[in-house]
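*Asks:* Following the hints, complete the assembly by docking chain S onto the known chain R.
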Amino acid sequence: MVSDPSTPAVPAIEVENLRFHYGTKQVLHDVSLSIPAKRITAFIGPSGCGKSTLLRCFNRINDRIPGARVTGGAIRVAGIDIARPDLDLQMLRRRVGMVFQKWNPFPKTIYDNIAYGLRIHGEKSRSTLDDTVEHCLKVVALWDDVKDRLKSSAFGLSGGQQQRLCIARTIAVKPDIILMDEPCSALDPLSTLKVEELLLDLKKDYTIVIVTHNLAQASRCSDETAFFYLGNLIEHGETMQMFTAPREKRTESYISGGFG
Amino acid sequence: MDNPEQLIRGGFRKGALGETFVKALLGGMTWAIIAIALMIFGRMFRAGAPALFKSEAPYVDVGFLTDKNETLHVFDDAEGNRHQMPASEYHRWTDAHGADAVFNEQTFAYSGGGIAGPIVGTALLTLLSVGLALFFGVAAAIYLSEYSKQGKFIGWVRLAILNLAGVPSIVFGLFGFAVFVLAAPVLTSVPADRSLLAIPLGFTWLSFEGWNSSLIAGAATLACMILPVIITASEESLKAVPQGFREASLALGATRWHTIRKCVLPFAMPGILTSSVLSLARAAGETAPIMFTAAVAAKDTLPWEGLAAGENPGLWERFTSSFGMLGSQVQALPYHIYTLAARIPTSEYTQRAQYGSVFVFLMMIFLFSAVSIVLRNRVRSKLKW
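Chains R and S, in that order, are what the protein sequence lines are.
All residue numbers for the first sequence refer to my numbering, where the first residue is 1 and numbers rise by one.
All residue numbers for the second sequence refer to my numbering, where the first residue is 1 and numbers rise by one.
Just so you know, these hints were derived from the structure itself, not from any lab.
Only some residues are given here: those of chain R computed to face chain S with a beta carbon under 10 angstroms:
id: 1; residue: Arg64
id: 2; residue: Arg95
id: 3; residue: Val99
id: 4; residue: Phe100
id: 5; residue: Trp103
id: 6; residue: Gly117
id: 7; residue: Pro175
id: 8; residue: Leu179
We put the beta carbon where it would ideally sit given N, CA and C, even for glycine.
Chain R on its own, in the form it takes in the complex (with noise of 0.2 angstroms):
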């Protein structure tokens, strides 16, 4: 069983220098950075700058693409390196949780996309059942939008709704951390706020990393950001540092609209 995460001596994952190929080309180069716990990371960079890449390879959904590999370095999640082939899995996605770029709730019912993830596990009770998605879709604050129509299709939920929907889904089966990319790059302004307004509320309780594009919106919520340029870590740091004093030249120019 993996340890207690919030420990503040060791952080929630601890990258070193990680080597990543697809096929031949390689995405990452010799990234090393620590994320802590209970706090929101920001992954900020130009498209293709292996951002995204990295936060797959945290729960490991990237062995399931053809030719992706990591080729060098550690990936420790509470100090357990997720590469040893002693690794359970299922535990660790079940841990480390993932919320997508395009929204993707199952065709089924609201409360069957929530009790999903619990029955994986083998909970069969229906008030504990009953309970979680309650609960979940409190958090989320879709309890009073469906809690009349949860037998209803997930699919009927607008684009914002649905997301909200995964993202209660996710802390369904009580993960540590939560892994999301880009969840608002399709949201309207107004379901984006939601989200985020969202994000800080679970910042008591879950470890967070966004990969986001909306430079604004890693300013807004996020505690600390890390800037990716063609693969390599640029700079990591206080968000407010890093939006108002960057020391690297190139993240200047790219928080400023220089490029990207």
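*Replies:* Chain S only, in chain R's frame:
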């Protein structure tokens, strides 16, 4: 805009004529095909419907569907009245009137009675083969699309499966004869002399002596024939399920098999069932694969008749003894139609059996397809898209 009058077409234009001509040609060909198809179906219906339907209640000649196939006897009696009756009725008649009362007798093989045997045989063969093919085909499709490494070798495997779909059905028939009829393994206490290999298991023998010409051998052969279509179509349906469902499920900590079972297969099911509708019609219609492996022209008993279940069998005995059905030969509609068309001369007395069989066969395939489509729509409506 300069010269707006250019927008108005004046006089005759060559382009317009060509357009009209192409449209007329394409439309004409389409309607010609439809007209020919309608003529064929119309002929079948006009000639076949009288065998099945009649003018007074219950409007359907149930006997044609439920009676066994018999030889038709046509003769004059002493008063010069023409009679036609199937063999069993004919024997009752001669018992009552004496064999001397029969004049100008003619017999027509397979033309009397009904076609219960072929109907039952085709239904069993088709359902069993589609069941077998779906089981193996969906398993293979899941492996190919979800588990296997997508490389050159799997590409070759896929190509081989596709090519299998183009193999003539008679070749499948011979393959089935060689493998299922002559060489497939059975458990038996006394291995036959022709057994290729008999392995003693202590309490019994595992003998490679084949399943003989039987329902199960025919169904297995038909299943081999429709497997490529089912595998290919199932794989396409699986691939059409959005990757997002798989990633979402895996990211929640589901195993691969759980993801396939709950998040991929249910959504691929309508597509898989569509492919099975097409395969079903093909399996029902093929003659060549069952000629050597299952079908007989004449048979007095239905597959489940004459299976020893002891005296006063209980439900369980009936159930277990029904497996004996798998070992019996069956009649089948396509083979029956072939027999009627090729082996007996056509006359006014054989038309009822000939056209009637074809008509019933068409009806049966329509029915099967309709049931599958209803089933597919029900599966689809359960999904909450």
